[in-house]
Amino acid sequence: ETGVTQSPTHLIKTRGQQVTLRCSSQSGHNTVSWYQQALGQGPQFIFQYYREEENGRGNFPPRFSGLQFPNYSSELNVNALELDDSALYLCASSRPPSEDYEQYFGPGTRLTVT
Amino acid sequence: DAKTTQPTSMDCAEGRAANLPCNHSTISGNEYVYWYRQIHSQGPQYIIHGLKNNETNEMASLIITEDRKSSTLILPHATLRDTAVYYCIVRVESFTGTASKLTFGTGTRLQVTL
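Those protein sequences? They're chains E and U, same order as listed. If you're matching positions, the first sequence starts at 1 in my numbering and goes up one per residue. If you're matching positions, the second sequence starts at 115 in my numbering and goes up one per residue.
Bound-form chain U, shown alone (with noise of 0.2 Å):
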């Protein structure tokens, strides 16, 4: 799986969108960007994946630059609730014949604040 960085820490305004930026330089043409996130005491928490188009669901947006090598997640209203660990994860989609183990670095702790 190809490697991730990510910032280590982020602070946003509640109401204002959250950018967590992630770098992924040696990704493959068949490896897609998992974002992931980690509540404090809970397990992580699916939050989107794409391969290269942008994409949206009710959580968030994933932006995937051109070259594909960075990603941004966009929270576009945070709230408290969404103070938690983000993970980028880079990965195939599915998996024949092997584990489909999901790789997460440190992440990027995000924190909302009033």
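Chain E extracted, bound-state conformation (with noise of 0.2 Å):
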């Protein structure tokens, strides 16, 4: 296991929501990044937090929207929740980019929407 830490583990909600999503990274490690991850597909990119700001993003619409803290740990908020926002979400600590080669995942957190 890494010391890659997610909460909640389960959390169901209804269209229209919103939701928070929290991380805490491996002891050392100030990046994080998260993932979306439907059933039967690879996870894929949302965003990427280094030193407390968003370090890049991928095809993800503004209402995916995260934030990191002093302490590196970090949190994703889905606003407006859609039936296609049913995931399951993970975050990865890392070293900085230009030193990252291993991304550390979290268990994820599977969210439902109903």
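Honestly, the hints are just simulated from the structure, not real lab data. No residue lacks a Cβ here, since even glycine has one placed at the ideal position from N, Cα and C. Please note: incorrect hints may appear among the correct ones.
[Stated by the list, open to error] Counterexamples of contact, computed for chain U against chain E with all Cβ distances above 12 Å:
no. : residue
1   : 125
2   : 128
3   : 130
4   : 135
5   : 139
6   : 142
7   : 168
8   : 175
9   : 180
10  : 183
11  : 188
12  : 191
[Said to hold, decoys possible] Computed footprint of chain E on chain U, listed as stretches where at least three residues anywhere in the stretch have a Cβ under 8 Å from a Cβ of chain E:
no. : segment
13  : 150-162
14  : 219-227
These two chains come separately, so use the hints to put the complex back together.
In structure tokens form, the structure reads like this:
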């Protein structure tokens, strides 16, 4: 197991609601990346946070937003939930992007939107 | 990032070597080959990466062809715990000014049987 933790483990929300997912990075890592994994698919990159700022974003709409805190933990916020947002949300921590060759993933948060 | 092609699924008997192929014919000179795996209900786990020389660690060996257009991940003595989805990813090793994202495909589902 890695030192990356995520909460909650599972979550059920209704379409239109908002959700916040949390991630604690591994000790010594200051970069956090978030991924969405739909059933039967590989993880898709949402965005990355480095030094408390967004450091790149995948093809996701603005209703997907995030934060990184001084202790390098991070939050993923999704507004106006849609049925297609149902997925496993993974966070990964790593060294700075210029030194990153391995990302350590947490166990994920399973989000179900009804 | 260069595109990769992997078989959808493979079977392997426990104790035998598992050889997982990956095609990456459009790989660039500064792109590395990475392998991650995802055991059911867990986050992806880094296995190994390499540029052009063969690499070995405690988990696996990576064989890259001389033209770098394909590679093979070898698990020398597969066990039931190696049953997972294996992802072959091509990316540069370090990033400056951009996100160090991983681009996952659908991977190869390896089933290790008794």
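**Asked** Does the structure break any of the earlier hints, and which numbers would those be?
**Response** When the structure is compared with the hints, none of them turns out to be violated.
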